[in-house]
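One letter stands for each residue in the lines below.
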Amino acid sequence: MPNKVYRKILHMGIQNEMEYRTNYWIQLVSFFVPMMTQFFLWLAIFRSSGQGTIVGYTFQEMLIYIIMAAVTGKLVAAGFEYEIAGDIKEGGLGKFLVQPLNYFAYRILKFLGAKAVQSVLVIIFAAVVLIWLRIGLHVPVGWDSALRYLIALPGALLLNFVIYYALSGIAFWLTESTGLFYTLSLIIYIASGSVFPLTIFGVTIAKILGMLPFSYIVFFPVNMITGKLTTTEAITGIGMQWLWIAVILVVARWVWSSGVRRYVAVGG
Amino acid sequence: MQMIWKEAKRYSRIYGRFMKFSVMSQMEYRTNFITAFLIETAYLLIKLLYAILPYQVGTDINGWSPDAILLYVGVFTIMSGLYSGLFFTNFTQLPDKVRTGSLDVLITKPISLQFAVTLRQFELGYTIPNVLGGSVMVAIGWSRMGLPVDFYHIGGFIFFIAIGVLVAYSVFLLPQLLAFWTVQTTGVTDMSNSVFETNYVPMAVYDRIIQRLGTFLLPVFVICNFPPMFVMGGLSAGMVWWAVLAPIWLLIIIRVIWRYALRHYSSASQ
Amino acid sequence: MQKEAVIDLSFDIEEGEIVGFLGPNGAGKTTTLKMLSGILHPSDGQASVLGYTPWERKKEFKRQFSIVMGQKNQLWWDLPASDSFELNKLIYDLDDTEYKRTLDELVELLGVSEQLHVQVRRLSLGERMKMELIASLLHRPKVILLDEPTIGLDIISQSKIRQFFKTYNKTYNTTILLTSHYMRDIEDLCSRTMIINHGQLVYDGDLKSVNDVIGSWKLLKIQLSAPVSELSLNGYGKIRSRSELEVVFELSKQDVLRKSKEILDHLPVIDFTIEDIPLEEGIAILYEKGGLPHAQ
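Residue numbers (my numbering), protein chains in the order written: chain A, 1 to 268; chain D, 1 to 270; chain Y, 1 to 296.
Errors might be hidden in some of the hints.
Unchecked claim - Heads up, simulated EDC-like pairs for lysine to aspartate or glutamate below, C-alpha to C-alpha not over 20 angstroms straight-line:
| # | chain 1 | residue 1 | chain 2 | residue 2 |
| --- | --- | --- | --- | --- |
| 1 | Y | 72 | Y | 17 |
| 2 | Y | 253 | Y | 204 |
| 3 | Y | 58 | D | 67 |
| 4 | D | 9 | Y | 96 |
| 5 | D | 9 | Y | 188 |
| 6 | Y | 238 | Y | 255 |
| 7 | D | 20 | Y | 86 |
| 8 | D | 97 | Y | 78 |
| 9 | D | 9 | Y | 86 |
| 10 | D | 109 | Y | 83 |
| 11 | D | 9 | Y | 60 |
| 12 | A | 74 | D | 197 |
| 13 | D | 109 | Y | 93 |
| 14 | D | 109 | Y | 212 |
| 15 | D | 47 | D | 28 |
| 16 | D | 109 | Y | 98 |
| 17 | D | 20 | Y | 83 |
| 18 | D | 6 | Y | 93 |
Stated by the list, open to error - Pairwise CB distance ranges (calculated):
| # | chain 1 | residue 1 | chain 2 | residue 2 | range |
| --- | --- | --- | --- | --- | --- |
| 19 | Y | 59 | D | 32 | 35 to 41 angstroms |
| 20 | D | 207 | A | 25 | 21 to 27 angstroms |
| 21 | D | 115 | Y | 10 | 42 to 48 angstroms |
| 22 | Y | 278 | A | 109 | 31 to 37 angstroms |
Honestly, the hints are just simulated from the structure, not real lab data. Ideal placement from N, C-alpha and C gives every residue a C-beta, glycine not left out.
In isolation and in its complexed conformation, chain A is listed as follows (with noise of 0.2 angstroms):
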């Protein structure tokens, strides 16, 4: 009999613990099976080729591209929109409409916030490759590079949160806003060069996508450490960066003030 209970306790451990620690390790798994998937193609297409340069990567630049792009997307992304269309829907907004608490405000803390821990945790994992890549594979990531990436960042980060800032304001005028949302969030994964770099879209199509504040959030910043732009490109792309910040702002600061107007006036 007490043998029993013991098992059903060791069971009952096993399988909170299993709770807990699955979901953590899936969420590492479902990161680096689509890094694989990558890896492979890569090395696949650089073999079979023969070519050292293929859309304008070496082998080794286009290895920094695929980790970086994945790191950058996992920095940076958003998920807030979600939250911000309940509260628009179910009537969260309304307290923040009457409290001298900003609503902005309160978003981009809470963001802040939610990134400061995680974003410790994947920029030591990228430290880590990237250094092991150094080692291991000779592939020449340089301090520079990396802190040029480090410069890069924090617009990326802030391009990103006014994107989607601006864009949840959707919510005011659509109830069913998520499938929207969802919809917009990759095809700027596929703009903001997440999946491959913007170069294999070809001169023409590139150099328009490059010009969209899309190309700003990813493509940008993990050039900056593969070593692909020069230092005045890089300075350009700086500051085309909070360019486009400062644009998306008035751009959500309209879309919300008009939102608001409609919010109070539908009274939601």
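Add chains D and Y to chain A, keeping to what the hints say.
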């Protein structure tokens, strides 16, 4: 024999109803339907990138020409439409059904419980964009490669698609059966999705060991690789045998675990 | 730890009987029904329903019985019930004409012909339950297991459903086993009652002798508009509990009307209810008195 025929007819009629009822239910909620459609179209764009890449690079990839890869990505797209439309929702709802005890009444019906639970919902919104988009890619790849349009090729292609559907059913139902023992399986779903997504590229791209694992141990590569390999004449006789055996073998495993799980099923508390 | 929901429960039910399972929540009523329908596998013991062992889940067995659970839904939520019926026709492999006749008859008996083509989600709770019943009876089961079939329904729907089963049982000599914690369901329908407590059969017999014990006392609960003195409460019956503005009397069944009237006349009552003694207590009384025939 006549019994089997009669049962097959009954089950296919019931399945027809399931599909019809699912679509009718979805039409009650148009926004959900449109949403699913939009999202899948966006995913279709991502898949297209994988098809365009070889053309941009302008080289064969481990023996696959750009046209062949286009055909391959087309098959992958069709498969994701079929998998997400026919199975995905059912699989992810299984834990819920176990937890809330909605399995209870179904157990008492004179119909296979596994059938009734895993095939009940059909999501048209997931299927349409993928099957359409995928078919277009397949057609373009097919004609650019100058593959013959005859009964042998088209019939074989459809046959291996069907094999792929069966394998997808078994491989991705397997981890969800955990639902009978532990309640949380959201993580399992995420993992299944990433495993499915290894099919973005032909298996020839991967390392030999990974190819073996993905063909024999957890045959995810059987799902999308065999139809294009067959029409391009790259499927050895041994592989054809394996294509037939794999789903049978997997379905037997599923069946055994399902029965075992059900014997120990302890319904939700009242 | 393995909880034993039901221990050592033995009984026989004849064809055509309506038997009620009575017992407090968690007593093991539902568990018993789930075992009899093959949903659950008991760790030990045997059962034979229509000559089949339920948990072998034989198809021939499944075709001959039905279980209805008041809190579980088998109909397609967004479609009219008639669609779900069509599906059941295929699942039970029913003959066209036979199916049509049964359906018409059941719809008629339950009076839901107007709601037949309305989406299930738009139906009232009572209407939905009636549709559930139709879905479960289309194949003319010989045994019906009902788990709380009237739970959450309004009084009128409850009595309609009771009436339906009465007629149905008379016409087709169907064996019905039902659990409920509404005394009325059991009183109205069942010729025989089994009381289960802590997974054990406490009583098996007609309801009358149970009623003699449990039903011989009623609880009158009154709300007062102002506090009254101890003295003015005397003389009506045993006071079970009292707070400043609420008093509960225990009255014998014969006296309940007369005494209630007196109480209402003499005290500043603003609200009142008359209730049965809670089942748990009734069972305790049954035990104490010990005068009842124990389960065979």
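Hint by hint, here is what the structure shows:
1. For a cut-off of 20 angstroms, the pair hint linking residue 72/Y to residue 17/Y is broken: about 25 angstroms separates their Cα positions.
2. A C-alpha spacing of about 23 angstroms is found between residue 253/Y and residue 204/Y, which places the hinted pair above 20 angstroms, so the restraint is violated.
3. With a CA separation close to 53 angstroms, the supplied pair residue 58/Y and residue 67/D exceeds the 20 angstroms bound.
4. About 16 angstroms separates the Cα atoms of residue 9/D and residue 96/Y, which keeps this hinted pair within 20 angstroms; it holds.
5. At roughly 44 angstroms between alpha-carbon atoms, residue 9/D and residue 188/Y are farther apart than 20 angstroms, so this suggested pair is violated.
6. Taking the CA atoms of residue 238/Y and residue 255/Y, the gap is near 12 angstroms; set against the 20 angstroms cutoff, the hint holds.
7. Of the supplied pair hints, the one linking residue 20/D and residue 86/Y holds, its CA atoms being roughly 12 angstroms apart against a limit of 20 angstroms.
8. A threshold of 20 angstroms between alpha carbons decides the hint, and for residue 97/D with residue 78/Y the separation of about 18 angstroms falls inside it, so the pair holds.
9. Between residue 9/D and residue 86/Y the CA atoms are separated by roughly 16 angstroms; this keeps the pair inside 20 angstroms, and the hint holds.
10. Between residue 109/D and residue 83/Y the alpha-carbon distance is near 17 angstroms, which keeps this suggested pair within the 20 angstroms criterion.
11. A threshold of 20 angstroms between alpha carbons decides the hint, and for residue 9/D with residue 60/Y the separation of about 19 angstroms falls inside it, so the pair holds.
12. At most 20 angstroms may separate the alpha-carbon atoms for a hinted pair to count; residue 74/A and residue 197/D meet this at roughly 18 angstroms.
13. About 11 angstroms separates the Cα atoms of residue 109/D and residue 93/Y, which keeps this hinted pair within 20 angstroms; it holds.
14. Between residue 109/D and residue 212/Y, the direct Cα distance comes to roughly 41 angstroms. Violation of the 20 angstroms bound is thereby established for this hinted pair.
15. Restraint check for residue 47/D and residue 28/D: not satisfied, since their Cα atoms lie roughly 30 angstroms apart, outside the 20 angstroms limit.
16. For the proposed pair residue 109/D and residue 98/Y, the alpha carbon gap of about 19 angstroms is at most 20 angstroms, so the pair holds.
17. With a C-alpha separation of about 10 angstroms, the suggested pair residue 20/D and residue 83/Y falls inside the 20 angstroms cut-off, and the hint holds.
18. Taken as a hint, the residue 6/D and residue 93/Y pair is honoured in the structure, with Cα atoms around 10 angstroms apart against an allowance of 20 angstroms.
19. At about 36 angstroms, the beta-carbon gap between residue 59/Y and residue 32/D stays in the expected band of 35 to 41 angstroms.
20. Between residue 207/D and residue 25/A the C-beta distance comes to about 22 angstroms, which sits within the given range of 21 to 27 angstroms.
21. Roughly 36 angstroms separates the CB atoms of residue 115/D and residue 10/Y, a value that falls outside the hinted 42 to 48 angstroms.
22. Range check, residue 278/Y to residue 109/A: about 54 angstroms between beta-carbon atoms, so the 31 to 37 angstroms window is missed.
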